[in-house]
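Trainee: Protein chains in written order, with my numbering: chain W, 1 to 289; chain G, 290 to 400.
Be aware that one or more of the hints could be misleading.
[To be verified] Taking lysine to aspartate or glutamate pairs in the DMTMM-like style, the calculated list, with each CA pair at most 25 Å apart, reads: (1) W:K136 <-> G:E379; (2) G:K373 <-> G:E391; (3) G:K319 <-> W:E56; (4) G:K319 <-> W:D98; (5) G:K372 <-> W:E116; (6) G:K373 <-> W:E116; (7) W:K111 <-> G:D340; (8) G:K306 <-> W:D30; (9) G:K295 <-> G:E364; (10) W:K132 <-> G:D376; (11) G:K331 <-> W:D96; (12) G:K306 <-> W:D11; (13) G:K319 <-> W:E50; (14) W:K132 <-> G:D340; (15) W:K112 <-> W:D99; (16) G:K358 <-> W:D92; (17) W:K136 <-> G:D376; (18) W:K132 <-> W:D183; (19) G:K373 <-> W:D30; (20) W:K209 <-> W:D176; (21) G:K373 <-> W:D31.
Derived from the structure by calculation, the hints contain no laboratory data.
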Amino acid sequence: MRTAIFPARFDELDSIRGFATQAARDAGMDDSETYAIELAIDEACTNIIEHAYQGENRGDIECSCEFDAAGLTVVIRDHGKPFDPSTITTPDMDADIDDRAVGGLGVFLMKKMMDEVRFEPMGESGNVLTMKKRRKKKRINSQFLSQDTRWRQVIQLGELLIQKESLATRRDLIVDTVSHLMDCQVDLWLDENLFRLPGLNQSALFSAKPADGAMLDAFTTGIPFAPKGQRASLAFPLTNGGVNLGVLQVERPAKPFRPKEIEILEGLVGHVSLALVAAHRFSVEQWRI
Amino acid sequence: MEITTKHFKHCDLLSIKGKVDSYTAPDLTKAIESLNDNGVFKIVLDLGGLDYMSSAGFRALLIGQRNCKRYNRGEIVLARVPKKICDALELTGFTPLFRIFEDATAAVGGF
Chain W
1 MRTAIFPARF DELDSIRGFA TQAARDAGMD DSETYAIELA IDEACTNIIE HAYQGENRGD
61 IECSCEFDAA GLTVVIRDHG KPFDPSTITT PDMDADIDDR AVGGLGVFLM KKMMDEVRFE
121 PMGESGNVLT MKKRRKKKRI NSQFLSQDTR WRQVIQLGEL LIQKESLATR RDLIVDTVSH
181 LMDCQVDLWL DENLFRLPGL NQSALFSAKP ADGAMLDAFT TGIPFAPKGQ RASLAFPLTN
241 GGVNLGVLQV ERPAKPFRPK EIEILEGLVG HVSLALVAAH RFSVEQWRI
Chain G
290 MEITTKHFKH CDLLSIKGKV DSYTAPDLTK AIESLNDNGV FKIVLDLGGL DYMSSAGFRA
350 LLIGQRNCKR YNRGEIVLAR VPKKICDALE LTGFTPLFRI FEDATAAVGG F
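Model the full assembly from the supplied sequences, consistent with the hints where possible.
Mentor: Rendered as structure tokens:
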């Protein structure tokens with residue numbers, strides 16, 4: 001998650017949009033999604049200056065952006081007058097030019113541009129606005145993601161994993177993130193015995209052993225399965241402190257993995273292993289309490 | 290935002306570059322008003338160089354169009370509207386209020 005605080009002034013809108021644009025690009029959003037986010041945030045901040053603060057230079061606007069496999073979430077906070085969204089009426093789009101209202105367009109555009117818009121008046125302490133933009137269903141072509149962006153997503157994956165409460169949600173997050181990051185098929189197998197909480201009757205998520213030969217090989221040897229000259233299907237063991245935790249397999253027959261991508265995948269399994277162990281320790285502590 | 294004005298026999302051409310938001314929209318309103326003050330009500334807005342426009346810009350267009358069309362003395366037409374800005378104008382029901390041309394010369398010739 002990244003956060004920035006801006007003075008509530010119209011000449012700051014350009015910087016606020018810049019902040020949002022960067023977050024949208026890092027989240028892998030395309031041009032039209034990025035523009036939508038830019039517009040929604042601009043309209044939100046304009047409303048804050050005009051209505052919550054009722055003028056410029058009366059406070060700050062705090063803007064936070066966070067993305068995951070599902071999309072981008074933007075949270076905007078102010079400390080101005082409580083804003084009641086029910087007082088905003090949808091402008092009449094068919095009215096004659098002379099009857100056309102000049103206000104009310106901002107909220108309308110925000111709702112059109114984003115998938116979810118939620119206002120929470122917090123009384124004396126201001127307002128919290130949460131907006132979500134879901135990633136389009138289409139696979140994002142990973143060649144457009146820069147190396148830098150991929151590394152940032154790897155690090156973020158580690159952080160997000162620790163926040164997930166169950167092994168199933170952790171597994172889904174890893175699979176979703178890797179398939180998005182590399183535009184490939186992903187298979188994950190974890191040694192569930194290591195992650196089981198004592199006494200809880202959980203149904204099994206994984207088979208006793210990896211079914212796939214390459215995965216089994218990587219898991220038992222602890223060495224990545226990547227035969228010479230074959231870079232379309234790779235299996236990486238997940239290890240931590242000499243213990244083999246599981247194995248991650250990636251497949252992309254149409255476009256074999258480049259050395260730079262393999263480097264990222266190696267870094268990724270390291271992060272994931274560490275995060276899985278940390279998340280499990282945290283779950284165990286919680287279970288004890 | 291940057292605005293340049295060019296005078297033609299039957300209309301004036303305002304070329305707008307950069308970004309129009311709540312900070313810069315008042316300058317767009319002023320530019321249109323200063324033409325109106327000089328008796329010019331037939332205006333082509335060339336938006337080809339525009340990177341961004343928020344609803345503050347749409348409002349400036351609406352107010353400008355109202356003044357220009359009053360007493361049938363003229364109108365604002367738009368030229369070279371970038372796709373993403375055109376989509377937002379469409380969404381907010383602004384496109385029926387303006388004639389839109391694909392190029393500025395045709396728009397100028399239209400008066």
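Trainee: With reference to the structure, classify each hint as holding or not holding.
Mentor: Evaluation of the provided hints:
1. Restraint check for W:K136 and G:E379: the C-alpha separation of about 22 Å stays at or below 25 Å, so the hint holds.
2. The straight-line distance between the Cα atoms of G:K373 and G:E391 is roughly 15 Å, inside the 25 Å bound, and the hint therefore holds.
3. A threshold of 25 Å between alpha carbons decides the hint, and for G:K319 with W:E56 the separation of about 20 Å falls inside it, so the pair holds.
4. Taking the CA atoms of G:K319 and W:D98, the gap is about 20 Å. The hint holds against a cut of 25 Å.
5. The straight-line distance between the Cα atoms of G:K372 and W:E116 is roughly 24 Å, inside the 25 Å bound, and the hint therefore holds.
6. Taking the CA atoms of G:K373 and W:E116, the gap is about 20 Å. The hint holds against a cut of 25 Å.
7. A distance of roughly 22 Å separates the Cα atoms of W:K111 and G:D340; the hinted pair therefore holds under the 25 Å criterion.
8. As the CA atoms of G:K306 and W:D30 are separated by approximately 23 Å, the hinted pair is consistent with the 25 Å bound.
9. Simply put, G:K295 and G:E364 have alpha-carbon atoms about 16 Å apart, close enough for the 25 Å limit, and the pair holds.
10. Distance hint between W:K132 and G:D376 is fulfilled; the C-alpha atoms sit about 20 Å from each other, no more than 25 Å.
11. Distance restraint check for G:K331 and W:D96: the Cα-Cα separation of roughly 20 Å lies within the 25 Å cut-off, and the hinted pair is therefore satisfied.
12. With a C-alpha separation of about 17 Å, the suggested pairing of G:K306 with W:D11 holds against the 25 Å cut-off.
13. For the proposed pair G:K319 and W:E50, the alpha carbon gap of about 20 Å is at most 25 Å, so the pair holds.
14. In summary, the hint linking W:K132 to G:D340 is supported, as the alpha carbons are separated by about 24 Å, within the 25 Å threshold.
15. Distance check on the hinted pair: W:K112 and W:D99 sit about 23 Å apart at the alpha-carbon level, within 25 Å; holds.
16. This hinted pair checks out: G:K358 and W:D92 have alpha carbons roughly 20 Å apart, not beyond 25 Å.
17. For the hint linking W:K136 to G:D376, the alpha-carbon distance of about 18 Å falls within 25 Å, and the restraint holds.
18. The straight-line distance between the Cα atoms of W:K132 and W:D183 is roughly 23 Å, inside the 25 Å bound, and the hint therefore holds.
19. Between G:K373 and W:D30 the alpha-carbon distance is near 13 Å, which keeps this suggested pair within the 25 Å criterion.
20. About 22 Å separates the Cα atoms of W:K209 and W:D176, which keeps this hinted pair within 25 Å; it holds.
21. Taken as a hint, the G:K373 and W:D31 pair is honoured in the structure, with Cα atoms around 9 Å apart against an allowance of 25 Å.
The structure is consistent with each of the numbered hints, conforming to all of them.
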